[in-house]
Structure formats: C-alpha cells, structure tokens
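Single-letter residue listing:
There are 2 protein chains.
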Amino acid sequence: MSAPDLSRCSLNTATVKHASLTEAVEAAAGAGLGAVGLWRHQVQEAGAEKAARIVSDAGLRVSSLCRGGFLTATDDAGIAAALEDNRRAIEEAATVGTRELVFVVGGLPAVSAPGQGPRPDAGPQDRDIVATRARVADRLADLAPVAAEHDVRIVLEPLHPMFAADRAVISTLGQALDLAAPFAPETVGVVVDTYHVWWDPALEESIARAGREGRIASYQVCDWVLPLAAEPLNSRGHVGDGYVDFPTISRWVAAAGYAGDVETEIFNEEIWAADPRRTAETVGARYAAHVLPHL
Amino acid sequence: MSAPDLSRCSLNTATVKHASLTEAVEAAAGAGLGAVGLWRHQVQEAGAEKAARIVSDAGLRVSSLCRGGFLTATDDAGIAAALEDNRRAIEEAATVGTRELVFVVGGLPAVSAPGQGPRPDAGPQDRDIVATRARVADRLADLAPVAAEHDVRIVLEPLHPMFAADRAVISTLGQALDLAAPFAPETVGVVVDTYHVWWDPALEESIARAGREGRIASYQVCDWVLPLAAEPLNSRGHVGDGYVDFPTISRWVAAAGYAGDVETEIFNEEIWAADPRRTAETVGARYAAHVLPHL
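Protein sequences, first through last, are from chains L and G. FYI, in this note's numbering the residues of the first sequence are 35 to 329. FYI, in this note's numbering the residues of the second sequence are 35 to 329.
The set of hints was computed from the structure by calculation and includes no laboratory data. Don't take every hint at face value.
Claimed, not checked - Pair ranges (Cβ atoms, derived):
1. L:Ala288 x G:Arg121: 27 to 33 Å
2. L:Asp172 x G:Thr56: 52 to 58 Å
3. G:Leu117 x L:Asp185: 34 to 40 Å
4. L:Ala288 x G:Ala308: 50 to 56 Å
5. G:Pro327 x L:Val164: 15 to 21 Å
6. L:Lys84 x G:Glu239: 48 to 54 Å
None of these values were measured; they are calculated from a predicted model. Where a beta carbon is used, it is the ideal one built from N, C-alpha and C, also for glycine.
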C-alpha cells in the first residue's frame, strides 16, 4: 500500500502554538505535509522575507496567513488604526508568499478589547449587531483596493455563533458571501472552517455557492468536541475526535471545485502540550483517514 | 407615572428552578406578571389538572409548556419511546391549559443520552446531521395529527448552534420554519428565543416570515452573557445584562404581528440561588425597561 498523498495537507502553526516557526516547519515537512499556515506574530518575529525562506527551504508552501480583520471600531482613531494594521497585514501576506489573508472581523465594538465584557455597571454597551456588520462592509470597501494592489485576497472567516459577541459578527458562510459579493473573487474570498460552520443547515448550499462564485480561498479542518473547554476558544479537537461529518463536508467542498490546501488549525491546550512532530503526524494521519478519500 | 403593563410578561418557571410550582406562581403573581411558562416535571408532580388550578387561582395564564421533542433516535424502540412520551406531553399541555408545547428536537443520536459524548475509543458515532434532521421531519409528521386532535401546537425551538451536537439539530429560525412548512400553522409553530437566535444574520427576515406564516407561538427573552458558564447551558443572563439588542428584536417580533406572551426563561446558577420573588420582580422590571416599550 502506497503512502497517502499529503501534498494538500497543511499544518496551521497555531496547532503547534509553542513551537518556533522553524520547529513547526520541520514538523510539517517531517510528517510529509505540503504546506503550513502562518500567523502574523511569527512572521513579524522572523521578518517576512526570512519566514518565506524558512518555509520554502523546507520544500513547503504557505497556504494562508492569519490574520487581519477586527474592523468593527466606531471611532475615527479606532478605524484608522484598524486600516493601518490591515494594510501591514496585506503587505506581510504578499512578502511571505501567500495570496490568502484570513480575516476575523471582530465582535460588538465595546467588547473587542480583551477582558472588557459588558456589565450593567459599566454603562451602555453597543449591542447593535446590524450596524456593526454594516461597518465591516465599509471597512472591506476601504481595504479591497489595497489587497488588489498587492495581489492578496482578503479571506472572510465566519466564526461559530458562540463567538458572535466578542470575536466575529460574521457567523455563517452565506453571510460571508453576501459581504464578499461587491468585490472581485480574487480580492475577497471566504474560508470554510469545519469547526465554525459544521452545524449550518444551509452549509451544502453555501459551499456550492462559494464554489460557483470562485471564492473558496481555504478549507480548514478541525473537530467539534464536547464538553467545551473553560476557554471555549480552545475547545477544538483533532479531525475524527468529535461530531463533525468530515466525509460529507469534504465532498461538498470538492464538488464546489476547490483544489487548494486543507489546513488543520486546532486550538487546544492538550494538543499544544504535545510534541509538535507527533502533532504534525497526527494531522497527516487524520487528513488521510477522514478527508483525503472524499476530496 | 403609572405602573408598567406586565400582563404579557411571563415567568418561565425554569428561571426559579428551586421554587415549587406554588412558590413560582406566587412570585409571578406578586410581581404583577400575567403568565407563567411551565415544565412537564412540575406538571406531572402536581398532576396536570391541579397544576392548571394553581395557576388560574392566582389569576395567571399558562403561556407554554416545556418540553417535548428529542426525536432523533435511529432504532425502533427509541422512536416508539419518543412518540409515546410526546403523546403524553401533548395531553399534558391540553390539560394544563396551554396550546403551546415547546419542542427541543434533540442532538446527534449517539449522544442524546446524558454523559455519552463521542470518543474515538467508543466506536463509530452517528455524525450524519443531514439524516438526523430528516428523522426530525419524519417524527413531526407522526406527531402533528396527535397535536391537532388535542388542539395543541408543537412549537419548534431553534437552539444556539453551540448545542447542535448534543441538544438540538435545529439551529436557526429559518430552518425551524422549513420544518414546520408542511403542517398547519395552528399545529406546528416556532419560538423566537433571543438567547438562541440573536446572532443570526437572517433574523429580521426569518421573524417577518414566521409572522407572515402565522407561526410565532412564543417570544422568549434572556440575555447572552460572557464568559460562558462551566456548563454552557446555564450561561444565560437577565435581560439587559449582556449583548442582546432587545429593542431591535422586540420591534421585529411586534412588526411580525405577535401579540402573545413574552416569557423570560433563564438557566443560571446564580439566579437560581436568589429569592424567587426578587427574581420575578427583576424579570418584570427588565421586561418593562428593555422589551415592553418596543412591542
């Protein structure tokens, strides 16, 4: 029996959070994977050009860069800061060698800053999610020309509705596609992340639409496991350990014409404590078992 | 300044979980509310006819009965048991004096039983959410004639997608309306529960549709607060303590023609520990402040 083809399997480096960029790249290459997904803080630490070399010297590609976004500020200074930071992110993506810059758009504005939950004693909060979403659309219009100029794609990530208040007011793939609609598909795309969208009754239809519209920029996989972790953000599991129907969703993504990398991005304290090389091997094995046969 | 009209404000007794039925009814009446929402275990303990008297003697109405559902079993015995239990629930609703029987439809079948999460070492799990939803539709077809015969309405409750794996494979109001569509609106309706649907980008449109189709059977209010509790089910907050935009959603519900009771249903350990009379007063005050002016 020949070894499975892991060339489209990518390790998002957040899955091996405590590894250096070099260690993460070595783990991915050692496990036979074809690509890595990077995070800006790593790229900034190494310098974008050097980060690009570390990846290409190992024979890998960069499947995406995480992340831009956080576009929901209401005040001029907050808006200016968000635009400036996202312009830098677009340049970093171009330099590090990926077209796909993942955007997490931010939550309700009064709580975008960490640790600032709304409390009855903290005065009025901005709860207007409709207006917040409209501001996201406005900021995309500001940034799309910058992305186009650098040949980078803004990749909208719908987050699970559990994170709608504090992380991302984009909660479904259909909504992400509506926000992307005014822009060229080369400039604004979407990511299908199983953790965030597996529950969506409109998922099959939205994936097909994303394919028709040429907007699937990334397919990210990890599993929904229960119980939720104390920090719900870190509740994700290895593919196959939870409730997600990977064969079905992978078939939908393939039927939509997606032929790019499949990134595994897991936030999980236990997995972060493991040896990055073992984690990369597990990522490859689970991809081969649950995803690859259905692509 | 005259006292606010709390006649449409209903206390769901789960909000005062540790109170007896009599104590809960006294608390609601004492706070000037117009109705209570009941749970089956309480109704069964008292007997449905006596429960009905306890409520009506206090001058209150029963706004709804919680809950039927859990319809996702795959095996004949599980299906028969679910049908039998729901037939009893329909009879109890009729006897206790409400037309509105709330259904929580159940999660992926291998994990419907408490404490039985899927584990890689526990063998194959049923992860087919598409087929699970189809079974819900089949069971509704079985039960709708029974509900119609008793002049009771099956009220489908979309639960927050956070609960899609283990509690309810209905995650959006639009999906609930699709499942209700084959049946008369007097027989199968939907509940708009702010906690579960506040994040939905299609919410305004789905509420309007629910109104047009005559299916809004209940409007339930409680707030999304963060951080999530260790048991996420018990993370809900009093209206006004969290992120939900009650004025906007209440206006949408009113514009859809809903003129029925507004139930407050909160699962929260801290609120359960409070004096039920104070809790009922808070429910009334928050309703008067955040909901009533927009109805």
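Status of the hints after comparison with the structure:
Checked against the given bound of 27 to 33 Å, the beta carbons of Ala288 (chain L) and Arg121 (chain G), roughly 44 Å apart, lie outside it. Checking the proposed 52 to 58 Å range against Asp172 (chain L) and Thr56 (chain G) shows it holds: the Cβ atoms sit about 55 Å from each other. Take Leu117 (chain G) and Asp185 (chain L): their Cβ atoms lie about 59 Å apart, and the range 34 to 40 Å is violated. Range check, Ala288 (chain L) to Ala308 (chain G): about 53 Å between beta-carbon atoms, so the 50 to 56 Å window is met.
Against the hinted window of 15 to 21 Å, the Cβ-Cβ separation of Pro327 (chain G) and Val164 (chain L) comes to about 19 Å, which satisfies the hint. Between Lys84 (chain L) and Glu239 (chain G) the CB atoms are about 49 Å apart, so this pair conforms to the stated range of 48 to 54 Å.
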